Amino acid sequence: MELDQVLFKKLLVFLKKWREKPSKGEIPKTIHLTDINSRLTFIARALTGENIDIVAAENEGGWKNITFYLPSSFSLLPSLEENLHFYIFRVVYLCIQKEENLNWKLQRANQSIQDSRKKAEEAAPIILNKIALEYPSLMEFYLSIKPHFSNEQNPSFWIYGKFMTERDVLENGHGDFNDQNNLKKDSLHPSTELKSKPVEEVEVISVDKKTQEDFVMTHNFEKVETIEEFTGVWRGFDGDDSLKEDADALNEVNLKHLVRTDEAAHSIYQADFRDLANIAESADTEEDRCVTYKEWDFSQKKYKSNYCKVFLKNIGGGSLDYAKKCLAENAKNLNALRRKFAQIHQKRRMVKKLPDGESIDLDSLVEWYADLKSGRTPSDDIYLSKRKKEADLAILFLMDLSLSTDSYADGNRILDVEKQAVILFGEVLSEYDVDFAVGGFYSKTRNNCAYHLLKKFGENWESGKRRLSVVEPQGYTRIGPALRHSQSLIEQHDARQKWIILLSDGKPNDYDKYEGRYGIADVKQALREMHERHISTYAIAIESIARFYLPQMFGQNHYNILSHPDMMVSSLASFYRRINFS
Amino acid sequence: MLIEHQPYYKAMDKEVEVFAHCFKNNLSVLLKGPTGTGKTRFVEYMAHQLGVPLITVACHEETSATDLTGRYILKGAETVWQDGPLTRAVREGCIIYLDEIAEARPDVIVAIHSLTDHRRQLFLDKVPEEINATDSFMLVASYNPGYQKGFKELKPSTRQRFVSIAFDYPATKAEQEIVEQESGIDTSDSKKLVKIASKIRNLNELGLMETVSTRLIVDTAKLIKSGLPKRLSVEVGMIQPLSDDEETLTALKDLADLMI
Ligand SMILES: Nc1ncnc2c1ncn2[C@@H]1O[C@H](COP(=O)(O)OP(=O)(O)O)[C@@H](O)[C@H]1O
Ligand SMILES: [Mg+2]
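These protein sequence lines map, in sequence, to chains A and B.
Take 97 as the starting number for the first sequence in the numbering used here and just add one per residue.
Take 1315 as the starting number for the second sequence in the numbering used here and just add one per residue.
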C-alpha cells in the first residue's frame, strides 16, 4: 500500500470511529433499510403486483423500472416509529409514482441532480392526491412530517425523492464480453465481496473504446449491493483488523465515477482478502467432458442454442470421515428422520388380503364372516403384511456450490448445511433402497459451468459420501445449465416419479449478467422444460434472499425456506411424505 | 339432503346454464378452482334449483373407495352391508359432490369410472351388486389445480370424464356484493376489505404467499359486523390465517393498516 493510501485509511478509520460514537442517553431512532428491506419489499410487491426489489440509494432515491431506491438509513424524524413510517410512506409514494409513470423519459437527458429533485417535487401533487384518496391515514402522516422538511438541513427531497432515468441497465441486452480469455484469470475468482456503498446511477468514463455496453460495472454494482450475508467471509481472518479497515476505505471510494478498462471491473472493490479460489481449481483440466446447453433469453423470447458449456468434473479422493462426523453430530436428527421414514413407509407398504401375514386384516375378516353367513365360500385371504414394495422413485439432489454458500446463517455455513441435508437424507434413502443421485454446480460465465456428479444413480452411497467431503464453495450460481444437465441425467432413469431437489440460496447470478430478470427467467424456463417431461422439482434454501427468488421460479408449494438449519429434517421428511402419498 | 331454502349465489358467468344442461344430459361435472371461490355454494344452489337432494363428501388423504361405496359392519352376531354416500346417491338419485377429489386415494377414481360414462352403473364387488343410477343422479367433483402440481394431480384420462367449469375469485364489484350480502356490512367497508384482498392476491401471483379467498373476506366482514374493531378483524380474519412467518405477517399488517 502506498503511503498516501495508508494515511487516507488511518484518517478514515479515525473519522469513522468518531462519527459513530453514540451520544449518551440517546434513544435510538435510526432505521436501517437492511433491517426492514424484506418487509418493505412485500408492501411494494403487493401494491404494484410486480417483482419490485428495494435497494439502498446514495441519498433520497427514486424508482427505476422494477427497482426502488431508498435511503440506506433514516433518522431525520424525532422518533423511531416515525422514521419507520417514513419508509412505508416512501414505498407507497414510489408505487404510485411508478403507476403514474412519473420519471425522466429520456435515456440520457442532461439533467442535473437539482433538476431531478425539482421535477420530483413538481410531480408530488399528483401522487399526494392519490394517497389522500386511497390511503387517508398515510396522508395524515405526510401532513404531520411535512413541516420537518422545509429547511436547509432537512430539505424536502427526502419526502419527494428525485426523478431517475427509467432505463434499467440490467434489462438491456448483454453481449459476449465474457469471453474467458478477456478476463484476467485472477479476477475470475473474487475471493471476497464487500457491500460497497450504494450507487444507483453510474457514469462511465470510458478509457477504452468500448462504449457499447456498461454491463461490467452494472454487474458489479448489482453484486455489491445484493450480497447480503458477507459475514461468513470475515471468518477467515480472526484477529486481523485490517480487513474491516480496508472495507471502510473501500466504502469511501465513490463508485459514481468508474473507470472502465478491459480488466474485470470488480477487482476494484473486491480485493484479494483470501485465497479460497485455488482449491480444487487444479481439477480444471482439459479432460473434463463438456456438454453444451441452450439458455433462455426472456427479452428476445427465444433460446440461445449451445450457449452454455457445462464441464463434467470428476473428483477423486475424499474420505468418509466428513460424513461419519456429520452423521455422528446429527445422530438425533438422523434418528428423527429414520422414525419419520419408518412411519411413512409403514403406511405405504401395508398390503392387505394376503393368504398369510403378520396380522389379521379386520375388514377382510368381516367379509369372510359375512360370506360364511350367507352360505358362500369365504376367501381365506384375510391377512395383513408390511411387504416391501419397490419404491418407484428417483431423486436427484442438486447442490449449489457457489461462493454465496460460503456465508453463514445462524453460525452455520450454508454449504455445510446443504451437505448435512444430503448426507442425512441420502443415508436414510439408501437404507430404504430409494435410488438417488447428487450433483453440485458452480459457474464462471457461460463458457465455464461446472457440474460435479457426486453420486450417480445406482452407485453406492459410500463413494458419494467421499466426494461430498471434498467440494468447497467457488464461483457463481448459473442455475439454468445445472438444471438442464440434471434433467438429462434423471431422464434416463426408469422410475415413474422423478424429482429434482435444488439446495441453494436461491439467487441466480453469474459473472456475465446471469442475474436479475434474465437469470430468473432462464431458471423458470428450465423448470418448465422439466415439467413437460414429467420431472417434478422442489427447492430448499436457508433463510436469506431466497424468500424473494424461489417463489418466482418454483411457484407456491414447491419450495421451502428454512428459518433455521435445524428445520432441515422435518422439512425433508414432510417433502418425502408428500411425494409418497401422491 | 334436500336443500330447502334457496342459497344465495351470485353467478359469475354462464355456469348455471352449463350445469343445468349437464344435469339434463347425464354428464358429470368437474369444478376447477382455488378454495373459497364459491364452488360448494354453487352446487348447493344448483341442487336447490333442480330440486334434487345433495350429498357432499369432503375428500382427504385417507378417503378410499370403501368410504364411498360402503362396507360390511358387524351387528350383533350378524354382518350387514351398509351403503356408503355414493351408493345412496346412486340408488336415490341425488347429486353427489366429491369435494377435493384429487386428495382421495386412487381407488376412488377407479370406483367412479363406470358412473361417469354411458353405463352410469355402480358395481359393488363385495356384495356383489350392480346398481343402475337413478335418472336424477349426478356426479360433481371439485379440484384445485396448480396448488399441488407434481404432488397430487388429476390424470388427464380422469379429467376427460367430466365437463369442466372453472372458478376464480370474483371481480371487485361482484366480490363486494357477495361480501355485503353474506355479512351485512356497508359498502365503504366491503370496498376496503376487497381492496386489501386484491393487494394480497398480487403477492400470491408473485408466488409469495397463500391467497385470500372470498370465504376469508366474508368471515372478516362478519366479525366487523358483529362489532369487533376493524383492524383486529382484518388481522385475525384475513392475515393470520395466511402465514406463520413473523416477517410476512408484519408486512401484511402494514399493508392492511394502510388501507383500513
Ligand atoms: N359466487 C358466490 N356467491 C355467493 N357467495 C359466494 C360466492 N363465492 C364465494 N362466496 C362466499 O364464499 C364462501 C366460500 O365459498 P365455498 O363455496 O365454500 O368455496 P369453495 O367450495 O370453492 O371452497 C361462501 O360461504 C360464500 O360466503
Ligand atoms: Mg450463489
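These are computed hints drawn from the structure, not numbers from a lab.
What you are looking at is a predicted structure, and each value in this text was computed from that prediction instead of being measured.
Glycine included, every Cβ here is placed at the ideal spot set by N, Cα and C.
Accuracy of the hints is not assured; some may be wrong.
Chain A is faced by these chain B residues, among others (derived, beta-carbon under 8 Å) [claimed, not checked]: (1) Val1477; (2) Ser1478; (3) Phe1481; (4) Asp1482.
One-sided and incomplete, this derived list gives chain A residues near chain B with beta-carbon spacing under 7 Å [unchecked claim]: (5) Ser460; (6) Leu461; (7) Val462.
Covered, in the sense of this in silico footprint (three residues per stretch, anywhere, with C-beta under 8 Å from a C-beta of chain A), are these stretches of chain B [unchecked claim]: (8) 1363-1373; (9) 1505-1517; (10) 1540-1550.
Comparing the hints with the structure gives:
{"no.": "1", "hint": "Val1477", "verdict": "violated (25 Å)"}
{"no.": "2", "hint": "Ser1478", "verdict": "violated (21 Å)"}
{"no.": "3", "hint": "Phe1481", "verdict": "violated (18 Å)"}
{"no.": "4", "hint": "Asp1482", "verdict": "violated (16 Å)"}
{"no.": "5", "hint": "Ser460", "verdict": "violated (10 Å)"}
{"no.": "6", "hint": "Leu461", "verdict": "violated (10 Å)"}
{"no.": "7", "hint": "Val462", "verdict": "holds (5 Å)"}
{"no.": "8", "hint": "1363-1373", "verdict": "violated (count 0)"}
{"no.": "9", "hint": "1505-1517", "verdict": "holds (count 4)"}
{"no.": "10", "hint": "1540-1550", "verdict": "violated (count 0)"}
Of the numbered hints listed earlier, those contradicted by the structure are 1, 2, 3, 4, 5, 6, 8 and 10.
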